[in-house]
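Chains as they are written, first to last, in this note's numbering: chain A, 138 to 613; chain B, 286 to 518.
Keep in mind that the hints were calculated from the coordinates and are not lab data.
Bear in mind that the values here come from a model prediction, so they are computed numbers and not experimental data.
Treat the hints with caution; some may be incorrect.
Derived BS3-like pairs: lysine-lysine, alpha-carbon spacing no greater than 27 angstroms straight-line [said to hold, decoys possible]:
no.: 1; chain 1: A; residue 1: Lys167; chain 2: A; residue 2: Lys157
no.: 2; chain 1: A; residue 1: Lys240; chain 2: A; residue 2: Lys167
no.: 3; chain 1: B; residue 1: Lys371; chain 2: A; residue 2: Lys294
no.: 4; chain 1: A; residue 1: Lys233; chain 2: B; residue 2: Lys360
no.: 5; chain 1: B; residue 1: Lys513; chain 2: A; residue 2: Lys602
no.: 6; chain 1: B; residue 1: Lys506; chain 2: A; residue 2: Lys276
no.: 7; chain 1: A; residue 1: Lys294; chain 2: A; residue 2: Lys317
no.: 8; chain 1: A; residue 1: Lys431; chain 2: A; residue 2: Lys395
no.: 9; chain 1: B; residue 1: Lys371; chain 2: A; residue 2: Lys548
no.: 10; chain 1: B; residue 1: Lys360; chain 2: A; residue 2: Lys243
no.: 11; chain 1: A; residue 1: Lys412; chain 2: B; residue 2: Lys360
no.: 12; chain 1: A; residue 1: Lys276; chain 2: A; residue 2: Lys291
no.: 13; chain 1: A; residue 1: Lys558; chain 2: A; residue 2: Lys570
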Amino acid sequence: MKNKVISENIEKEQQENSSKVREDKQTKQKSNAQKAMPVMIVIIVALLVILTCVLIAYYQVYKSGKQNANILEGVYTSSYYSMVDNINNLAVDISKYSTLSTKQAKLNTLNDMRGDCNYVLAGLSVLPINEENVVSATKFFNQIDGLCEAYTNKLNKNETLTQEEELMFDKIGLVLGEIKQKFNTQNEGMYDTNFNFIDASIFDNTGMNELSTSLGDLTSASIEYPAMIFDGPFSTALETRVVKGLSKTEITKEDAQKYLKDKVYKNRKAEITYKNETNGDIATFDFEIILEGKKYNAQVSKRGGLLITLSSYAEGGDPIMKGEQAVEMAKTFANNIGFENMEAVWLEIHENVAYINLAPNMNDVIMYPDLVKVKVDLTGQDIIGFEAVNYALNHVSRNPEFNVSVEDAEKLLGFDYEILKTTKTVIKLDTGKEIAAYEFMAERIDGLYYYYIDANTKEIAKTMKVVSIKGVQKLI
Amino acid sequence: MKKFIIVLVVLLCGLFGVVGANTIMKLNNMDEKAKTTVARIENVEAAVANTREVQTRLKKWGYYTGNVDGINGPKTIAAVKKFQKKYGLTQDGIVGPLTAAKMGLSVSSSKSSSNYNSNDRYLLAKVIYAEARGESYTGQVAIGAVVLNRVRDSRFPNTIAGVIYQPWAFTAVNDGQINLEPNQKAYQAADDALNGWDPTYGAVYYYNPATATSKWIYTTKTVTQIGKHVFAV
């Protein structure tokens, strides 16, 4: 009986204890929850603040991006319509041209046509269209511009355009008609779909591809594309370069390596390694050279075995030689490797590197088309560059005629100048034609000029002004 | 609760990261395009500014009666011719060095082998550095030469800025690497290219065969390979 009472008491006590523990636990939990509440509120508020900041920042970036995109879209759209408008203007001006009979009216219209072409080209170069499709359109309009320039020059010289030349514009007019038609169809599609250049170029290429194809079609079989052979800067006749200055005899790569070792780097410890060959207008064997720890690249022509290019760079430091010494070094180097009778015609010193232009002197006439360029490091006192592409292309024996006297040529210069030097030269015009010309180095109040007077037609063929660029010292 | 907060934070960060990065990439892309356009506009503006200067002077001296609008139209040409007649110059209506000198204007050409200016040098160095800073020196000159070959080629824009910033022409312009500051070696390579060095002999295209995606580029005629770049015409 006694034991039963004890057992009941223990049980009761245990129940009480358990209830007390439960209560304590609940109180503790409640107290913990009460303590955690402010922390949670702080975290939630902080998260809301962060979220708000992120949304504001996102909105700001989005807004400014949207503004940029709108501005850019405006530029694209205006460029596109300017391009299309000027294609239309060009078509109208070309039609007008064929109805004109006076020289002045023709000159004015040719000038307008050149303006149209340049506006078309400006618009074309801004539009985000695939490069390969733009090239044909760019070429077409550049060539019309070049054709107009060539015709303008002819008319200014009181020459008459041949019937074939006049008819060229009819052919161009037909091509323009087809392009106009394509753009008109394109425009209708753009109105219908609310075309957006940025969306089309970045997010969806379909619309842009259609526009791009319209331009790319300039070379398609459906359009008879006139071959514009004319005497102008972008004439198709100028596209193929002919190598006239190299002997027809071909050498092997071993011969080329020997030439580099025995002529270019005579008596020097140069490590010469054959790399590959280049098959451009001038085919060359290409070598890598290590000389006194410095790397050079050299290209030796397969025909004739002459150094065509040598390139490396200056490491920097203080100059230990003067420009005049560099000129002598360049002349000696050129002579030693097979370029004889070269005369220095230009020296430019830039950041302790001397660029020297050498041209052959044939019977006291300087042959500018055969220019060779040499680069001398004034800090390392060494030749670090050589370039003879023009020489390889143009160097032939010439016997130019000078039918106009130097006194008569000088009269073209007007007044207020002092002639510092007069030289007989052969120069190459932008059209590729070579002419005999007197070079007058003349000082005027605003600087130094070079005038080239055609020694047979007595016209000013070319005028150049010496421009000083910051950090560049140019001497003659 | 703690788990909920952690999940919420992670989700927010993830969402912001994905949306933000995507947006920034697209906006950067637009920014580059905007810069491209600005470069072209500056170029056009320079030409217009020159014509404006000529018109302003001719108007002041009584040769020109039209608007100073920067357009080299018939009225401007006629005024230039009148001016040329007065000073005994060839009456071609073009403001060349002699006419410009008489007007007190400076002209920009040079006796050097190139007619380029310091802006062109800077732009060329930038594109060389951006496109070929890991290549050999000759490889860098070659990139500069390709840009200059394009300037001379009728199929491309007629200025260095025009060629470099032509949309889709250079990857470095699209991805923004063009804005990296060029180093001294890139400047020297630009100088060489401007002075006529062209290890590619007239190439107007180049590509890296390992990364090129356009099938069209493989239709071009290969001239040479310098480092990782194949040069073509």
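Hint by hint, here is what the structure shows:
no.	hint	result
1	A:Lys167 - A:Lys157	holds (15 angstroms)
2	A:Lys240 - A:Lys167	violated (104 angstroms)
3	B:Lys371 - A:Lys294	holds (20 angstroms)
4	A:Lys233 - B:Lys360	holds (19 angstroms)
5	B:Lys513 - A:Lys602	violated (40 angstroms)
6	B:Lys506 - A:Lys276	holds (19 angstroms)
7	A:Lys294 - A:Lys317	violated (34 angstroms)
8	A:Lys431 - A:Lys395	holds (20 angstroms)
9	B:Lys371 - A:Lys548	holds (17 angstroms)
10	B:Lys360 - A:Lys243	holds (15 angstroms)
11	A:Lys412 - B:Lys360	violated (59 angstroms)
12	A:Lys276 - A:Lys291	holds (22 angstroms)
13	A:Lys558 - A:Lys570	holds (25 angstroms)
In the structure shown, a violation is registered for the earlier hints numbered 2, 5, 7 and 11, in ascending order.
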